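Asks: These protein sequence lines are chains A and B, in that order. Counting from 1 along the first sequence, just add 11 to a position and that's the residue number in our numbering. Counting from 1 along the second sequence, just add 2 to a position and that's the residue number in our numbering.
If you are wondering where the hints come from, they were derived from the structure by calculation, not from laboratory data. Take the hints with a grain of salt, since some may be wrong.
Claimed, not checked - Selected chain A positions facing chain B (Cβ under 10 Å, derived; list incomplete):
#1 69
#2 212
#3 227
#4 235
#5 249
#6 256
What the hints assert, rightly or not - Here are a few chain A residues that face chain B, going by a calculated C-beta distance under 10 Å:
#7 63
#8 145
#9 146
#10 148
#11 149
#12 150
#13 153
#14 213
#15 239
Note that this is a predicted model, so its numbers are computed, not measured. Positions of the beta carbon are idealized from the N, C-alpha and C atoms, including for glycine.
Chain residues, written in single-letter form:
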Amino acid sequence: MSLELSMHTRPQVPLEAELLGPDKTLGLDSKAVSGLQIQHGNEQVTVGDFFKVKGKGEGAIHLEGDLARVKLLGSGMTTGKLHIHGDVGEHLGVGMSGGEITVDGNAGDWVGPEMAGGRIVIKGNAKHLAGSAYRGSAAGMLGGEIFIHGHAKNEIGHGMRNGLIVIGGNAGDFTGVNMLAGTIVVLGEMGIRSGAGMKRGSIITMNPAEMLPTFSYDCIYHPVYLRLLFRALRTQGFNISDAKLTGKYQRWSGDSVELNKGEILVFTP
Amino acid sequence: MKIKSTDIADTFAEAFKMWASRVVITAETRQWAMAAARSMTGFATSVIGCKCEAGIERELSADVTPDQRPGVSVLIFATDAEGLGKRLVERIGQCVMTCPTTACFNGLDAERTVMVGGQLRYFGDGYQNSKQIQHRRYWRIPVMDGEFIVDESFALQPAVGGGNILIIGRDLKTTLRAANASTKAMREIAGVILPFPDGVVRSGSKVGSKYKTLIASTNDAYCPTLRGIAPESNVVDGANCVLEIVIDGLDVDAVSRAMQAGLHAAIKPGIKQITAGNYGGNLGQFKIQLKDLLEEAA
């Protein structure tokens, strides 16, 4: 049986629930989970102060209610499943290395910052800095997958070193800024200054994009690896047409202010 | 045992343990996939002289290949895993990467693997990069028509080489026709290849030679021109031509089924005898009895 947490009291200030992960609650019964200490603003509270808890920790957690003010869910997660039936707050899955987090609604800033493995699926929109490095950190996302089916805001994949981020809708500005490696796919439109400062890695977009002057145009070609990638993304529920799967892409190399081994691929109908 | 007018010898094919890998080659068109496959399987008839044996297993339609392009499945065999790894790197590097529009994928699921794309990547001279998609790492190597995509590693599995039948016929035309029918039937079996030209070999060999430097020499017992002078001739009365079909497969069951299909297809008027090559059972790890194949079919 999985753990089921239903929010009965909406927090007035952010609730820091980093202890709520399937691995950290493994083997705990509902009473033990209710008694876990979490931070509510500047005071310590228990999980039971905000959630009604049912079941036992056996590797899966279901959370219900308006969790837009609940931060740090699934922090450092290594295994199991965390399913959020609604919206969720900031810093979801920070530093996670395994398991899967699914959010049926929208997510706040900092989805999967510095995560190293596992998968985060956001069925709605996400705000800024998904898969990014914290300010001052050397690298952002180190591995794993972030699938955002809606839109995302600025600095997606800031400093990412590895892994895959897919945005089903539009992305804001500075997508892949300071990227070290990895792959970002934007199926909608992309804002300005994409790939600024990128060393390696790939940014793929389905719509015309404004290139920085430090990117150089290479060619139009058919990247075979996109066929493999897009077929995999279709299995994750992303709607990618055959035309895009088999189509031509402009290739731009950059950023020449850095290593210049990154690429931006732009679908060319 | 006689079926129609063809005698089936009471003997066995002696087959050997080998290592195999399956390589899936895709390309923009069937023509280019086949061109790469033909090139990769060229000069790969016998481990004796070619270090490996390889052949085209089957064509693949676009809906079953990893990148949804037309493809060809190639099986390659060698006597040891280390050697097979080297052959994969050589042949994929020289025959597949060089062919326009191709990509190259591992087609087996086995525990033992060898780095192929992980070695070929250095051809990219620092411009190569890799992508991990669904737990598989692919290398993207820049080439003059775009990129060559290749799996980082390919799986190797224990396999069986040297299954065979010998078709002994009245004359060349009759024996060729029977051999063609036999190879056609064998190609319907998954997991096998026929490494010789169009599946047929005329220069069957025996172990050793009067010349000390040679490890194999012509199988004089089956040469019609030597019937009168060879120490022992197996060319039956009324026969003037012998052709052999060699089968390598991913397991002994696949080899047996291919032999069975080929044996039955080769039974035609003018085919005097169908037999199999062996070394007295002293060398190979597998003995495939022809009578067992007939019994299974019955």
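Asks: Each of the hints needs a verdict: does it hold here or not?
Replies: Checked hints:
no.	hint	in the structure
1	69	violated (25 Å)
2	212	holds (8 Å)
3	227	violated (14 Å)
4	235	holds (5 Å)
5	249	violated (14 Å)
6	256	holds (7 Å)
7	63	violated (38 Å)
8	145	violated (24 Å)
9	146	violated (27 Å)
10	148	violated (22 Å)
11	149	violated (20 Å)
12	150	violated (17 Å)
13	153	violated (12 Å)
14	213	holds (8 Å)
15	239	holds (5 Å)
In summary, the numbered hints that this structure violates are 1, 3, 5, 7, 8, 9, 10, 11, 12 and 13.
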